[in-house]
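Here's the letter readout for the chains.
There are 4 protein chains.
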Amino acid sequence: MVGYAFMGAAHSQGWRTVGRVFDLPLNPAMAAVCGRDPAAVRAAAGRLGWAAAETDWRALVARDDVQLVDICTPGASHAEIAIAALEAGKHVLCEKPLANTVAEAEAMVRAAAEARSRGQVAMVGFNYRRTPALALARDMIARGRVGTVRHVRVAYLQDWLVDPGFPLAWRLRRDQAGSGALGDLGAHAVDLAQHLAGEPLVQVTAQTETFTTRRPVPGEGPGVLGEVTVDDAALFGGRLASGALAAFEVSRVAAGRKNALRVEVNGTAGSLAFDLERLNELQFHDHTQDAAEAGFRRILVTEDTHPYLDAWWPPGHGLGYEHTFVHQARDLLRAIADGTDPAPSFEDGLRVQRVLAAVEESAGKNSVLIPVPQT
Amino acid sequence: MVGYAFMGAAHSQGWRTVGRVFDLPLNPAMAAVCGRDPAAVRAAAGRLGWAAAETDWRALVARDDVQLVDICTPGASHAEIAIAALEAGKHVLCEKPLANTVAEAEAMVRAAAEARSRGQVAMVGFNYRRTPALALARDMIARGRVGTVRHVRVAYLQDWLVDPGFPLAWRLRRDQAGSGALGDLGAHAVDLAQHLAGEPLVQVTAQTETFTTRRPVPGEGPGVLGEVTVDDAALFGGRLASGALAAFEVSRVAAGRKNALRVEVNGTAGSLAFDLERLNELQFHDHTQDAAEAGFRRILVTEDTHPYLDAWWPPGHGLGYEHTFVHQARDLLRAIADGTDPAPSFEDGLRVQRVLAAVEESAGKNSVLIPVPQT
Amino acid sequence: MVGYAFMGAAHSQGWRTVGRVFDLPLNPAMAAVCGRDPAAVRAAAGRLGWAAAETDWRALVARDDVQLVDICTPGASHAEIAIAALEAGKHVLCEKPLANTVAEAEAMVRAAAEARSRGQVAMVGFNYRRTPALALARDMIARGRVGTVRHVRVAYLQDWLVDPGFPLAWRLRRDQAGSGALGDLGAHAVDLAQHLAGEPLVQVTAQTETFTTRRPVPGEGPGVLGEVTVDDAALFGGRLASGALAAFEVSRVAAGRKNALRVEVNGTAGSLAFDLERLNELQFHDHTQDAAEAGFRRILVTEDTHPYLDAWWPPGHGLGYEHTFVHQARDLLRAIADGTDPAPSFEDGLRVQRVLAAVEESAGKNSVLIPVPQT
Amino acid sequence: MVGYAFMGAAHSQGWRTVGRVFDLPLNPAMAAVCGRDPAAVRAAAGRLGWAAAETDWRALVARDDVQLVDICTPGASHAEIAIAALEAGKHVLCEKPLANTVAEAEAMVRAAAEARSRGQVAMVGFNYRRTPALALARDMIARGRVGTVRHVRVAYLQDWLVDPGFPLAWRLRRDQAGSGALGDLGAHAVDLAQHLAGEPLVQVTAQTETFTTRRPVPGEGPGVLGEVTVDDAALFGGRLASGALAAFEVSRVAAGRKNALRVEVNGTAGSLAFDLERLNELQFHDHTQDAAEAGFRRILVTEDTHPYLDAWWPPGHGLGYEHTFVHQARDLLRAIADGTDPAPSFEDGLRVQRVLAAVEESAGKNSVLIPVPQT
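Chains A, B, C and D supply the protein sequences, listed in that same order.
UniProt numbering puts the first residue of the first sequence at 1, with every later residue one more than the last.
UniProt numbering puts the first residue of the second sequence at 1, with every later residue one more than the last.
UniProt numbering puts the first residue of the third sequence at 1, with every later residue one more than the last.
UniProt numbering puts the first residue of the fourth sequence at 1, with every later residue one more than the last.
Don't take each hint at face value.
Which copy is meant is left open, so a pair is good if it fits within one copy or across any two.
As the list claims (entries may be wrong) - Straight line, CA to CA, 25 Å or less: simulated SDA-like cross-link-like pairs of lysine to any residue:
no., residue 1, residue 2
1, 365, 228
2, 365, 241
3, 365, 175
4, 365, 102
5, 365, 6
6, 365, 37
7, 365, 202
8, 365, 243
9, 365, 203
10, 365, 313
Treat the hints as calculated values from the structure; they're not laboratory data.
Bound-form chain A, shown alone (with noise of 0.2 Å):
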C-alpha cells in the first residue's frame, strides 16, 4: 500500500478484517506499506498491521512478497505508481479519482488493458459502491424496481471549509488534487450516477465556485496566506444516455452538512433515495403500488439477504463508513481469485475523469452543454 494517511488508515481496516468475516479464496497478506518519512511509516506500518515499511514506492512496487498495490495517494501520483505497478506485473487497486486528467487516466486504462492479457487486475476505489444501501439500490434498479429512469440527482455536501481560517491544505492545491469538491466529492457522485442509472452521462453543463480564494498557508507564520487553486463547489447538470435529467451538486461549504452525499433516482415505476449520513437506510417508494398505501419505505439494510450481509450481525445492527473498504477488497480479493475483471475498472474511472473535464470545460465557457466523449 502506497500512503498511509486517511485513505490508507482505512484501506488497512478492510484488509485486516476481511478474510475474518467473508470466507475468501485467497488470503491477503499484508505485506508492505510506502511513505516519505522514514520514522512515520516504520510507525504507521506498526499500527496498520503492515509486515514491512518502504520509503520509495518504486521499491514496493519491486518487492517480491507484492502481487497488489494500493494506492492512496493524493491524484497527482495515481498515473505514474499505477502504471508502474501494472508493468510490474502486480494487480492494482488505485484510490479515487482516478487521475487528475483525462490524459492521465487515458493512459492508465491502457495499462490495465496491457495488464489484462496478462491475467492482471486494475480497479479504481469507488468505495460507496460497496456501501450495501447502494448496492441495493443499484440492484433493484437493475430488477427494473423503478422503471425507466426520469432523474438522478446527487448532493455530496460537506462543510469543513466554512471556515476561513481552514489551512491551505493538498487538497485545496491544483497541482496535487487536481480539482476541489469537484474531484473530491463529484468523482463520487458522478460514478454513483452513472452506475445506479447503468448509463452514461453524454452531455453536461456546469459552474463552479471558490468562495474563499486565500487560506493560510501550513507551516507558515500567521497571516502567510496562500492561493486557493480548486473550487469550493460545483453545480452541474446534465443528461444521461437515455435522455434522463441528472444534476449534481457538490460543496465543502455548506454549513452543518458533514458528509451527506444524497442520492435519488426517480423512475416510471418507482423511486430510491439514500443519505450517507445514514448509511444504513434506503429509502424505496413503489409506484405501483395502490396509492392510498404508497410511499417512501426505510428499508434498514441490514438482513442477511441483502448485499455483503450475510457475513456481519443480525438485523437492524448497523455498519459504518469503514465497512466499504471491507467489501471493495472482498470483491477486489475475488475477482482475483476467479480470474474476472473487478468494477470498477480503471474504464469506470475514465469515465467519471470525462464528465469532471467536460464540467470544468463548461464552468469555463459560461455553462455551455459539452458532450462527454464516450469509448
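Chain A is already provided as a structure; the job is to place chains B, C and D on it using the hints.
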C-alpha cells in the same frame, strides 16, 4: 374573485377565515365570484360563500361593491384582467405566475405603478412566503442567522404526470399555462430563493424536458392524443447578486414526491432547510455553536412568537397548506388599510418572470448562461 | 355552543368551514354561543361567527333555534349541561373527557340512551380519531393489515409545565379539570388505543406524579402560590381484551415535545406508527413483504382516496390540527341526518373514563393491576 | 475468550481492531478461544484470529498466557466461569446479563471484590454505553445539559419472534437464558437508564407476556414443538431515586423494529433522544433557548471532540454496531493498565439483575410495585 377551481377554493377559505382568526383593520365582504358556466359559478358561489355570481369578469370588475379583485384564473388571462381591474380603480391580488410572458408582466407592473399613485395596491400570490416556517426562515436570514449565503437550493417535485394516461389538461398546454413545471413550480421556487436570500438571481443556465410528449385529450374518445406543449421538468442553476450559487429542480414526474418543495440555504454562520411536505417544521443549523453540540434542529414552527402563530392554536398544533391563503389575506388587508405596498409586489412577480424567461432562453441555447435583466 | 376559549374557537372553525368543503345533508346555522362574561361572549360571537350570545347555558339550551348543543367547557360542567340539553330535546356534542367522574359519565350515558329513543344523538369530542392519518390507521387495522395486535403504545407528551412559573390555571385544579395530564392527554391516548385496536382495555397498572406541587395563583400578587391538585404525568400499562399489551405515557413536562401524540401498533402482519407533530403522515410496515424490501413506509395521507381527503386539496397539500373539528362536524351532521349513532358515543367516553378511574385507583394502590369494568 | 458465536465474533473484532486504531498502554494478544466442539472451535480460532483453541473453559482459565478471560457464553454459565477465572487470578470481561439470577450475580460481585484487592478487574459487557452517541448523552446529562431528570423512557424492540415458526433456540429457554426479551433487551435498557440518569431504579411495576408459547424444537422433525419458557415482551415502569419516572418496553415481536433501542430523557433544562437504528445520531433539545429557535437538534456524533471519535474517521463518516466492542476493549485495557476500576462493574451488573428480578416478581404479583434492593 375570478375563477373558482383549486385556487379559487383555497382563496375563498382564506377570505372566509381571516377575519375569524386575526384582528383586522378591514372586514372583507365576499361580494361576487366569476366564472364562465352560469350554473357552475352559482353553485360555487353558494358553496364557497360568495354573495353573488358573475359570468363575465368585466362585469365583476365593474361592480361598485367590489374594491379588490382576486384573480385565480390560468396565467394567460392574468394580464388582461389585472390591468382592467387596476384601471377600474380596484385593488388586485393576482395568482402566480404573474403572467405568461415578460411583456405581459411588464405591462402589469406599469398598471400597478399607476394605480399605486391612486392609492391602489397590487399583490401577486406567492402564498408559500406565508407558510410560517418560511416566514421564520426569511426573518432568521434577514437577522443574519445564516451569515453570508453561499448556496440556495430549491427542488419542487411532484409526480402527477408519471402516469402517461393523465390527460392533456390546461396546465399542459402552452397557450394556457405558459410553461409546465417551470411556470407552475419553478415560479414558486424562484420567488422563494430571491425572497429568502433577499437578493435577485442575476444569471441562469438551464435544461428542460418533456418526457411524455402526447397525452389523451379530455372530452375526446379513447386513444385520441394531443401534443404536450410544456415541460415536465426543468433543471436550472444560477448566481445570486452576491455570487452565491443557486440550484433549482422542478418536476412533475418525480415518483413518490407529492408536493415536495424543499428549500435549503447554506451560509457562513448557519443553514436552514424546509420541506413543504412537513410544513410546520424548519430545520436550522447554527454553525456558530460548538461543533460537539451542533446539528440541524427541528424547529416546530407553532410557537406564538412565530410569524402568524399568535392567532392560532397552542404549540405543536400544526397548520396546513390552506393557512397560507389566510395569512396572505391578512397581510393584503393590512396593507390596504395602512396604505403600504404589500409584498410580493407585481415587481417581484416580474422579477420571477424574467428568471423563467431566461431559463427558457438558456434551455434553448445549449444551456449557456443567460443574464437576468434587473430593473 | 357553550364555551369559547381554545376548544370553542376550534369548534367554531369546524362549524364555519364544514359546509364550505363537504357536501352535507344538513346545513348548520351557528345560532348562539354562551359564556359568563357578557362583553366577552358578545365579542367572541362576533369574531367566531355566532348569531347570538348568551350568558347562561340554561338559556342557550332553552332556545328554539338551537337543535344541537356543543359543550366546550371544562370537564366539571359537562354532565350537568349535557344532561340538561339532552332532556331539552337537543342533540349534544360534548368535549372530552366526557366527565370528571365515572358516576357523571354513567349518568350521561343514561341520558343519551333515553334521548336516543327520542331520535337525538350524543357524541363525545375525541377529535383525533378524525385526523385522516389515524382514520386511515383504523381502516387498515380493521382490514387486517397489521394482523393480530401484540402491542399498542401511546405517548402523549407536552412541555408547557416544565416552567415552574407557569400559573395555576384551571387545568391544574382537580375541582375543575378532574385530573391533569391523565384526563387531558390520557383520555385521548386511551380512546385512540381502544378505537384503533377495536377492543377495550381490561386491566391497568399505573403510576402518576406531580413534580411541581405549588404554582403562582393567577390574579394574585407575585409570590402567591397555590397547590397543584392534579398530576403532571402518568405512566400506565395494561391489557386489551385480546391479551395485547398496551403502554401509555402522558406528560406535560417532557421538554421539547410540544404536542407529541405518538401511537404505534405492532401486529403479526405489520405495524403502524403516527406522531401528531407530523399529522399528515402515517408510517406503515408490511410484515408480509419480503424482508429485503420491507420497512416503515411514510404514507403521506393526502390522497383523495384517504379518509376525508376527497374534499380537500391535491396530494401533498397537508391539513392541520383544526381540520379534525371540520371532520367531526361533518360526521355528526351526517349521523343526525341519517338517524344513525355517531361515534365516539357517550358509551365510548364512559369506557375511557373507567380506564382513567382504574388508572387513578392503581396509582393509589401501589400500581396493582385493576380490572376495568366493562359494560 | 469463551464462546465464539454472535458475541464471540463481535468481541473478536473488538480485540483485533482496538490496537490498530487507539493508542494503548497495553497490547492485547489474542491467546485462545474456547468452545465445546473441537473442530468448530479450531475453525473459529483461525477465522477470528485467536492463536489457540480450547474445548474446556477450565483449561482456558488455567493457561499461563491468559491474563484476561472474556466470557461470551449464555447467561447460565457466567457465574461459574467468571468466579473461576477471578479465583485463578485473571481479569474478567463478562457479557451481559451478568448472570441469570441475583444470587449468582451477588456471588460474582463478591468474587470481583476479592479479586480487586489482588489487582484484578472485572467488567460487564453493557457495550451500548460505548456507542459514541450514548457516551455523549451521558456526558451531557452529567454536565447538567438536561437539568433535573423527569422522565426516562427506553424501548428496545425487535421482531425476530413474530414468526411462529422461529425455532426454540437457547435464547427461548429459561434454563439457558434466564429470561427472554427481559434479560436480553431489558438488561441493556435498565443499565442505560441507570447509567444515563446517574441514579438507580428504586421500585418497579411490570407485566410480561409470551404470545407464542410453543415453537419448533431445533434438530427434531417437523411438527415437534417445545414449550417457550421465557417472555416475548415485557412492559415495566418505575422510579429513579430522584423520583423521576422511568418507562420501559422490551419486545421481540414488534414487527418492523429490527434493533430499535430508543432512549429518551426529559429534564427541566432539556431532553435527549437516541435510536440505535440511527446510532450515529443524538437528538438534543435545549430548553434554555428561546422557544422561537428551539427544537430537537440532530447531533451527528462523528466529531473528533466526541467520545471515542478522535481515533476514527472525519466528521460524517459514521461508525457501526461493532465499534462498541472496540471501545469496550479500549476502556478495559486502559483500566487494567491504570489500575482503575472499569465501568460497568459487576456491581452495575448486579444492580441491573436486581431490577430484572423485581420486574419478574412484580409481573407475578399483579404488577404491584416492588422495591429494588440497593446495596
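> So which hints don't hold here, by number, going up?
Replying inline: 5, 6, 10
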